[in-house]
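Based on these hints, arrange chains B, C and D with the ligands on the given structure of chain A.
Residue numbers (full-length UniProt numbering), protein chains in the order written: chain A, 1 to 261; chain B, 1 to 261; chain C, 1 to 261; chain D, 1 to 261.
Everything labelled a hint here was simulated from the structure, so no lab data went into it. Keep in mind that the hints are not guaranteed to be accurate.
Identical chains share a label here; the pair holds if one copy fits it or two copies do between them.
Mimicking PhoX-like on lysine-lysine, the simulated pairs with C-alpha atoms at most 25 Å apart in a straight line are [what the hints assert, rightly or not]:
no.: 1; residue 1: Lys213; residue 2: Lys74
no.: 2; residue 1: Lys213; residue 2: Lys75
no.: 3; residue 1: Lys232; residue 2: Lys213
no.: 4; residue 1: Lys18; residue 2: Lys213
no.: 5; residue 1: Lys232; residue 2: Lys25
Predicted model, so just to flag it, every value in this text is computed and none were measured.
Number of protein chains: 4
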Amino acid sequence: MILKLLFVGDIVGRAGRKALTDHLKGVVSHHQIDLVIANGENAAAGYGLTGPILKELFACGIDVVTSGNHIWDKKEIIPILDREHRLLRPANYPPGLPGRGTGVYETAGGIRVGVCNLEGRVFMKGLDCPFRAADLLIDELRQATSIILVDFHAEATSEKQALGYYLDGRVSAVIGTHTHVQTADEVILAGGTGFLTDVGMSGSQDAVIGNEKDAALERFLSQMPIRLEVAKNDPQLSAVVLTIDEDSGRCTQIERIQARF
Amino acid sequence: MILKLLFVGDIVGRAGRKALTDHLKGVVSHHQIDLVIANGENAAAGYGLTGPILKELFACGIDVVTSGNHIWDKKEIIPILDREHRLLRPANYPPGLPGRGTGVYETAGGIRVGVCNLEGRVFMKGLDCPFRAADLLIDELRQATSIILVDFHAEATSEKQALGYYLDGRVSAVIGTHTHVQTADEVILAGGTGFLTDVGMSGSQDAVIGNEKDAALERFLSQMPIRLEVAKNDPQLSAVVLTIDEDSGRCTQIERIQARF
Amino acid sequence: MILKLLFVGDIVGRAGRKALTDHLKGVVSHHQIDLVIANGENAAAGYGLTGPILKELFACGIDVVTSGNHIWDKKEIIPILDREHRLLRPANYPPGLPGRGTGVYETAGGIRVGVCNLEGRVFMKGLDCPFRAADLLIDELRQATSIILVDFHAEATSEKQALGYYLDGRVSAVIGTHTHVQTADEVILAGGTGFLTDVGMSGSQDAVIGNEKDAALERFLSQMPIRLEVAKNDPQLSAVVLTIDEDSGRCTQIERIQARF
Amino acid sequence: MILKLLFVGDIVGRAGRKALTDHLKGVVSHHQIDLVIANGENAAAGYGLTGPILKELFACGIDVVTSGNHIWDKKEIIPILDREHRLLRPANYPPGLPGRGTGVYETAGGIRVGVCNLEGRVFMKGLDCPFRAADLLIDELRQATSIILVDFHAEATSEKQALGYYLDGRVSAVIGTHTHVQTADEVILAGGTGFLTDVGMSGSQDAVIGNEKDAALERFLSQMPIRLEVAKNDPQLSAVVLTIDEDSGRCTQIERIQARF
Ligand SMILES: [Fe+2]
Ligand SMILES: [Fe+2]
Ligand SMILES: [Fe+2]
Ligand SMILES: [Fe+2]
Ligand SMILES: [Fe+2]
Ligand SMILES: [Fe+2]
Ligand SMILES: [Fe+2]
Ligand SMILES: [Fe+2]
Numbered sequence: 001m002i003l004k005l006l007f008v009g010d011i012v013g014r015a016g017r018k019a020l021t022d023h024l025k026g027v028v029s030h031h032q033i034d035l036v037i038a039n040g041e042n043a044a045a046g047y048g049l050t051g052p053i054l055k056e057l058f059a060c061g062i063d064v065v066t067s068g069n070h071i072w073d074k075k076e077i078i079p080i081l082d083r084e085h086r087l088l089r090p091a092n093y094p095p096g097l098p099g100r101g102t103g104v105y106e107t108a109g110g111i112r113v114g115v116c117n118l119e120g121r122v123f124m125k126g127l128d129c130p131f132r133a134a135d136l137l138i139d140e141l142r143q144a145t146s147i148i149l150v151d152f153h154a155e156a157t158s159e160k161q162a163l164g165y166y167l168d169g170r171v172s173a174v175i176g177t178h179t180h181v182q183t184a185d186e187v188i189l190a191g192g193t194g195f196l197t198d199v200g201m202s203g204s205q206d207a208v209i210g211n212e213k214d215a216a217l218e219r220f221l222s223q224m225p226i227r228l229e230v231a232k233n234d235p236q237l238s239a240v241v242l243t244i245d246e247d248s249g250r251c252t253q254i255e256r257i258q259a260r261f
Numbered sequence: 001m002i003l004k005l006l007f008v009g010d011i012v013g014r015a016g017r018k019a020l021t022d023h024l025k026g027v028v029s030h031h032q033i034d035l036v037i038a039n040g041e042n043a044a045a046g047y048g049l050t051g052p053i054l055k056e057l058f059a060c061g062i063d064v065v066t067s068g069n070h071i072w073d074k075k076e077i078i079p080i081l082d083r084e085h086r087l088l089r090p091a092n093y094p095p096g097l098p099g100r101g102t103g104v105y106e107t108a109g110g111i112r113v114g115v116c117n118l119e120g121r122v123f124m125k126g127l128d129c130p131f132r133a134a135d136l137l138i139d140e141l142r143q144a145t146s147i148i149l150v151d152f153h154a155e156a157t158s159e160k161q162a163l164g165y166y167l168d169g170r171v172s173a174v175i176g177t178h179t180h181v182q183t184a185d186e187v188i189l190a191g192g193t194g195f196l197t198d199v200g201m202s203g204s205q206d207a208v209i210g211n212e213k214d215a216a217l218e219r220f221l222s223q224m225p226i227r228l229e230v231a232k233n234d235p236q237l238s239a240v241v242l243t244i245d246e247d248s249g250r251c252t253q254i255e256r257i258q259a260r261f
Numbered sequence: 001m002i003l004k005l006l007f008v009g010d011i012v013g014r015a016g017r018k019a020l021t022d023h024l025k026g027v028v029s030h031h032q033i034d035l036v037i038a039n040g041e042n043a044a045a046g047y048g049l050t051g052p053i054l055k056e057l058f059a060c061g062i063d064v065v066t067s068g069n070h071i072w073d074k075k076e077i078i079p080i081l082d083r084e085h086r087l088l089r090p091a092n093y094p095p096g097l098p099g100r101g102t103g104v105y106e107t108a109g110g111i112r113v114g115v116c117n118l119e120g121r122v123f124m125k126g127l128d129c130p131f132r133a134a135d136l137l138i139d140e141l142r143q144a145t146s147i148i149l150v151d152f153h154a155e156a157t158s159e160k161q162a163l164g165y166y167l168d169g170r171v172s173a174v175i176g177t178h179t180h181v182q183t184a185d186e187v188i189l190a191g192g193t194g195f196l197t198d199v200g201m202s203g204s205q206d207a208v209i210g211n212e213k214d215a216a217l218e219r220f221l222s223q224m225p226i227r228l229e230v231a232k233n234d235p236q237l238s239a240v241v242l243t244i245d246e247d248s249g250r251c252t253q254i255e256r257i258q259a260r261f
Numbered sequence: 001m002i003l004k005l006l007f008v009g010d011i012v013g014r015a016g017r018k019a020l021t022d023h024l025k026g027v028v029s030h031h032q033i034d035l036v037i038a039n040g041e042n043a044a045a046g047y048g049l050t051g052p053i054l055k056e057l058f059a060c061g062i063d064v065v066t067s068g069n070h071i072w073d074k075k076e077i078i079p080i081l082d083r084e085h086r087l088l089r090p091a092n093y094p095p096g097l098p099g100r101g102t103g104v105y106e107t108a109g110g111i112r113v114g115v116c117n118l119e120g121r122v123f124m125k126g127l128d129c130p131f132r133a134a135d136l137l138i139d140e141l142r143q144a145t146s147i148i149l150v151d152f153h154a155e156a157t158s159e160k161q162a163l164g165y166y167l168d169g170r171v172s173a174v175i176g177t178h179t180h181v182q183t184a185d186e187v188i189l190a191g192g193t194g195f196l197t198d199v200g201m202s203g204s205q206d207a208v209i210g211n212e213k214d215a216a217l218e219r220f221l222s223q224m225p226i227r228l229e230v231a232k233n234d235p236q237l238s239a240v241v242l243t244i245d246e247d248s249g250r251c252t253q254i255e256r257i258q259a260r261f
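Chain A with its partners taken away, still in its complex shape (with noise of 0.2 Å):
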């Protein structure tokens, strides 16, 4: 048998909400999707995520969200996290605290699938080590299921494609966000992981990165510390199917998405 998930890159503000709440059932219906998860740390206008927001994102059919540096920007999440078991944080922040960096959750058709979040450090934060902390947390899902989809939140391009190697064979998917924009390296690995550079975001295709140009650019051009907008036109959604065979959580098929409506 044959599982199918659909993992979509971080929701960006307004755009990127509709973006979901208008489509998402139809490219879920259409590729008969078991699972879908979303990286969700730019969904409350490009920074973070509060309550309500979240809601709207399971009411459109997100069946788990994932998250990355933004997470923390908005506080009244805090709480949110440590008692919503259907959002991650990256899971290699330190010890104590809010919030978990796995779960394990199962299909309508009564199938496990874990999901693990995961931060990168180049060009980022002082966390710890992505790559020590996914073997522990690998060995500890798999206890659980074999099916094992990473979202892996980085920014450098080496990183990314590192952690893909060192997890194949061990999950059905490497999948990384945080650039917003979507890679076109999709493989399925040697030992049968599924990995992407990165998926890109979901939100306004007419901006940087999702963000209204003028202000992006009067950044670059000045810069002084111009205070992004998320932009609203010409909403996209991007993301990845991943077709994964249920005994071996191995992954059969990759394919990307990017669908302007």
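Relative to chain A, chains B, C and D with the ligands alone:
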């Protein structure tokens, strides 16, 4: 009349050169390419360029070689930067350095094409502003021709997309290099500029951005300054074909290529 | 004849302002200071400057206020940057921005003193080259006076020492700011330029570079974007007294001050 | 009874070694030092350490050698890291690497002194958290002795001051290294821990943090990867003398030294 440019991403070591020598002529003939531009910053075992390797690149059919941060790695290339006008380095290094960052080249059919090489600053070096440098250099190139390709060698997706919008309508194309992973966001912007965040590298695909997996992984795992070695297997040519209207300089088609052989 | 300049490091919040209002006049009188220059980039609760706070700084005896990366934090200072010539921001931001980076000021005795404010690039923003900016600006200032003080607001010790040597013999002093910790390497270089890597901040010393310890520690421990709060206790004035030969502009004495009260 | 420790900052090249061989014995005798600890990460021409140079350091009177990010530069030191217990490298590298980050050493009078070497993360590598590493390691060392010195090899003043407060009352001293410039903020914190943001380097003072001025300047001016060369002139020993109460482990006096000869 239309013109077709082929722009090839960072050529990484022997594997990258082999992909070129074996297959560039076929690609050029199949796509009826008028001029071939390629980024050669990693052609010499991953680090810079030498005279003989530069000759090898020209011999296999490349007309213009651009580069990036690695151009200074092999000292022997420095005198060549001054005398070989078909070799460019990023224009926004300080004034007075060897070499040049722009050139105007002629196709076999006598059409002039301007090429401009710039380097980004986000997560990179303290260079002059690539946006303001572009203003000046594009104005100069437009005296000679309205067909202009910009190789923007940069890390951050935001900086690259920002330059694309900034130059939209002033150049035929802004194509990113440096991350070694091809992105899937090719687009013709409103003003007629073809844009792609990164064209990806030409070299071994069974590798961490062109380098051997074992050393790359060891580097991430140990945080020791392990020397990276260029990988050899599974060479791939990554490029983009730009169709350009000769009169207006506008891009009318942009097509990504990832060719394995 | 000699001239004595007092240069006060980054004034951090209310504690920093209090150290100044209470004690600057005493220091000025004790050292027979002719002109007081102070870096005010953190005067408004750690983040930038406001109009009233700028007035407060002038009122307590500061003649010229320099700044740094934090100057843009409070939007209300931006129009003031244009009209208040006693307020400087780093000169090597892009052209066209509000404000200026140099000024010539007169002591009560009618001696002209040039001040130049620059910002470093290592571990900081993508600004114009501070070395080349200095070449130009120092040449201009030297039309008016040979007594010139440079506030180099930078992180890396290497970049700061390099600028000191670079300007040796062309300015009276190069004094670093930004790290908030006074260094003990004051020296008069071979060409007569007084140099100090960092003058240190004026503010609470029972603190992490002027900020409350608990929040600062929590930030390092959690890697969450905890908001820093300016600390209140144990204010200290950090400054440097420069004795300068009026005719030659050479520094003849450099003395560090760390005054607690 | 009291104990006196001398901690010497980064020894840079031949000039640094010469300052030590010529004058360390005099300093030790003058201050009645019981144990000498020195950071040797730049002792071999600015880049790492070799076996013979390590011997030279021990021969001139150093009892324990700490290090930092440059420790891996010379491959030949790697086996020595495992067998020479008087040589430390930062403890918060990943587990399994050669060498160790702590040790307990005995003075001639039979008093045990713990030394702990850590490396910062701000503007540096992706290492394990130095704060949490310290928690663990200090607990261990305190089984053996209450006299503990921490060499915190870090760039950012904020991270260094934060670790000082974090360990206050648990160790005898936290002394910073790596910036190569001595700071003037020596203090005994409330809990009895001696603290100094950076002890400064031992090497040529007529130099850019120990390196020849011309190459260092050329590097900043050109942004090319110019090789730095260790400077030779005007050697200086930079160190700190810590007076410690044997029973409590509290620091009772902290005195900076910058000795030219
Ligand atoms: Fe994001
Ligand atoms: Fe992110
Ligand atoms: Fe590059
Ligand atoms: Fe490259
Ligand atoms: Fe400051
Ligand atoms: Fe600053
Ligand atoms: Fe060092
Ligand atoms: Fe270091």
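Point to revise | Broken hints, by number | key: none
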